[in-house]
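K.L.:
Sequence:
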Amino acid sequence: MGCSLDCLRNRSRGRGTVGPGGSVVRGGYGESDARRFSRSGKNGIVRSRAGCVRSSNVSVAWRCPIRTASASGSGGCLPGICRETTPPCGGEEQSRWALNALGDHTAAEAVLQEARAVLPNDRILARTLSEAYRRQGQLDQALSLYRDLATLETEDHQNLGLLYGEADSLELAIDHYRRALQQDPDRYQVVYSIAGILLIQGKLDEAIAQYGAHLDSPDPDPTLVRRSRARLREAYVALSARRAGAGDHDGAVQALEDRVRLGEMEAADYHTLALGYGRAGRFGRAEDAARMALRLDGGMTIARLTLANALFEQKKPEAFRHYTAFVETWEGDPKPLQLAQDRLRRAKQ
Numbered sequence: 036m037g038c039s040l041d042c043l044r045n046r047s048r049g050r051g052t053v054g055p056g057g058s059v060v061r062g063g064y065g066e067s068d069a070r071r072f073s074r075s076g077k078n079g080i081v082r083s084r085a086g087c088v089r090s091s092n093v094s095v096a097w098r099c100p101i102r103t104a105s106a107s108g109s110g111g112c113l114p115g116i117c118r119e120t121t122p123p124c125g126g127e128e129q130s131r132w133a134l135n136a137l138g139d140h141t142a143a144e145a146v147l148q149e150a151r152a153v154l155p156n157d158r159i160l161a162r163t164l165s166e167a168y169r170r171q172g173q174l175d176q177a178l179s180l181y182r183d184l185a186t187l188e189t190e191d192h193q194n195l196g197l198l199y200g201e202a203d204s205l206e207l208a209i210d211h212y213r214r215a216l217q218q219d220p221d222r223y224q225v226v227y228s229i230a231g232i233l234l235i236q237g238k239l240d241e242a243i244a245q246y247g248a249h250l251d252s253p254d255p256d257p258t259l260v261r262r263s264r265a266r267l268r269e270a271y272v273a274l275s276a277r278r279a280g281a282g283d284h285d286g287a288v289q290a291l292e293d294r295v296r297l298g299e300m301e302a303a304d305y306h307t308l309a310l311g312y313g314r315a316g317r318f319g320r321a322e323d324a325a326r327m328a329l330r331l332d333g334g335m336t337i338a339r340l341t342l343a344n345a346l347f348e349q350k351k352p353e354a355f356r357h358y359t360a361f362v363e364t365w366e367g368d369p370k371p372l373q374l375a376q377d378r379l380r381r382a383k384q
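The opening position of the sequence shown corresponds to residue 36 in this note's numbering, with each subsequent residue numbered one higher.
The reader is advised that the hints may include incorrect statements.
[Stated by the list, open to error] Think about it this way: if two alpha-carbon atoms lie no more than 20 Å apart in a straight line, the pair counts; the simulated EDC-like pairs of lysine to aspartate or glutamate are:
| hint | residue 1 | residue 2 |
| --- | --- | --- |
| 1 | Lys350 | Asp323 |
| 2 | Lys350 | Asp368 |
| 3 | Lys238 | Glu201 |
| 4 | Lys383 | Glu353 |
| 5 | Lys383 | Glu348 |
| 6 | Lys238 | Asp203 |
[To be verified] What follows is a list of derived Cβ distance ranges for each label pair:
| hint | residue 1 | residue 2 | range |
| --- | --- | --- | --- |
| 7 | Gly172 | Glu366 | 44 to 50 Å |
| 8 | Gln236 | Glu292 | 23 to 29 Å |
| 9 | Lys238 | Ala382 | 44 to 50 Å |
What the hints contain is simulated information worked out from the structure, not anything from laboratory work. Here the structure is a predicted model, which means the values were calculated and not measured. For glycine and all other residues, C-beta sits at the position ideal for the given N, C-alpha and C.
Build out the structure end to end from the sequences listed, making use of the hints.
P.N.:
Listed below in structure tokens is the structure:
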């Protein structure tokens, strides 16, 4: 059936039953950096436990911290920094080395700190060292590197959004994501990240609006688009449950109908819809939805009870056939069984 708000929080945080689509992929610092420096690895999504993305590129955008024309005047390596353990500076080979180095967090931190001592104002070096700290769970150190920057670019705000999200400073995370959007309104993955944080905060209406905005954007990343649709479907079900709990059954049905428009309906989804229609007193619609649930899953016994109830409210004799089938097959909670048995007894009187 539906996904509870706690379930949504766990999914948005990258925990629980997210599955392969919600696995954490590390690295990546934005397309502007990626265009400037060579890359390796597949395109993908960088997620935090707050359900956020760092950039549309999974590989680490890397500039060799050792080779710099501005520091040496010649474009060569800086004395005392290059070591035999590093590959030739610059180029795709250096990018691969950076990715591998970040797999060994301690080694990466040592190399990056050594380079940063020579290049303290190198922005991309600061971002990369921040990522090394983040992977070790040292969020304070990761954040401090951005505080040392005189100005913050779009990628910096996006990365800070991720860091603050992991630190559970969700309002600060949203603030930086929105600043990133102000600087680059076409950074659609940031809209997705904001939606994930709003979902964690239980702001379902706002989260739905943001996921909808992401789906309306020309985001070329099919993975994010697919995840937005999945999160939006679950958010509509959670919103429906919240409205039903507050006695707003018409609003609950509206949320479920919005979910239907997203497609990919399964038997459990139709059964949830049937229950919503039943609570709102729309028994004809409840009957149709319950029949669809049974058509997709003939073994969904609880949907047979829901269908029987919808038929009973419409005074259709067919209801008792379904009550009988339910009584003969139900093995769960005794309360629904008692309801069906009671209505069968009254029909015989």
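K.L.:
None of the hints should be skipped; say for each whether it holds.
P.N.:
Hint check:
1. Lys350 / Asp323: The hint holds at about 15 Å.
2. Lys350 / Asp368: Outside the cut-off at roughly 26 Å; violated.
3. Lys238 / Glu201: Given that 20 Å is the threshold and the Cα spacing comes to 18 Å, the pair holds.
4. Lys383 / Glu353: With Cα atoms ~14 Å apart, lysine 383 and glutamate 353 stay inside 20 Å; holds.
5. Lys383 / Glu348: holds, 17 Å
6. Lys238 / Asp203: At roughly 16 Å apart (the allowed maximum being 20 Å), aspartate 203 and lysine 238 satisfy the hint.
7. Gly172 / Glu366: 44 to 50 Å: holds, 46 Å
8. Gln236 / Glu292: 23 to 29 Å: holds, 25 Å
9. Lys238 / Ala382: 44 to 50 Å: holds, 47 Å
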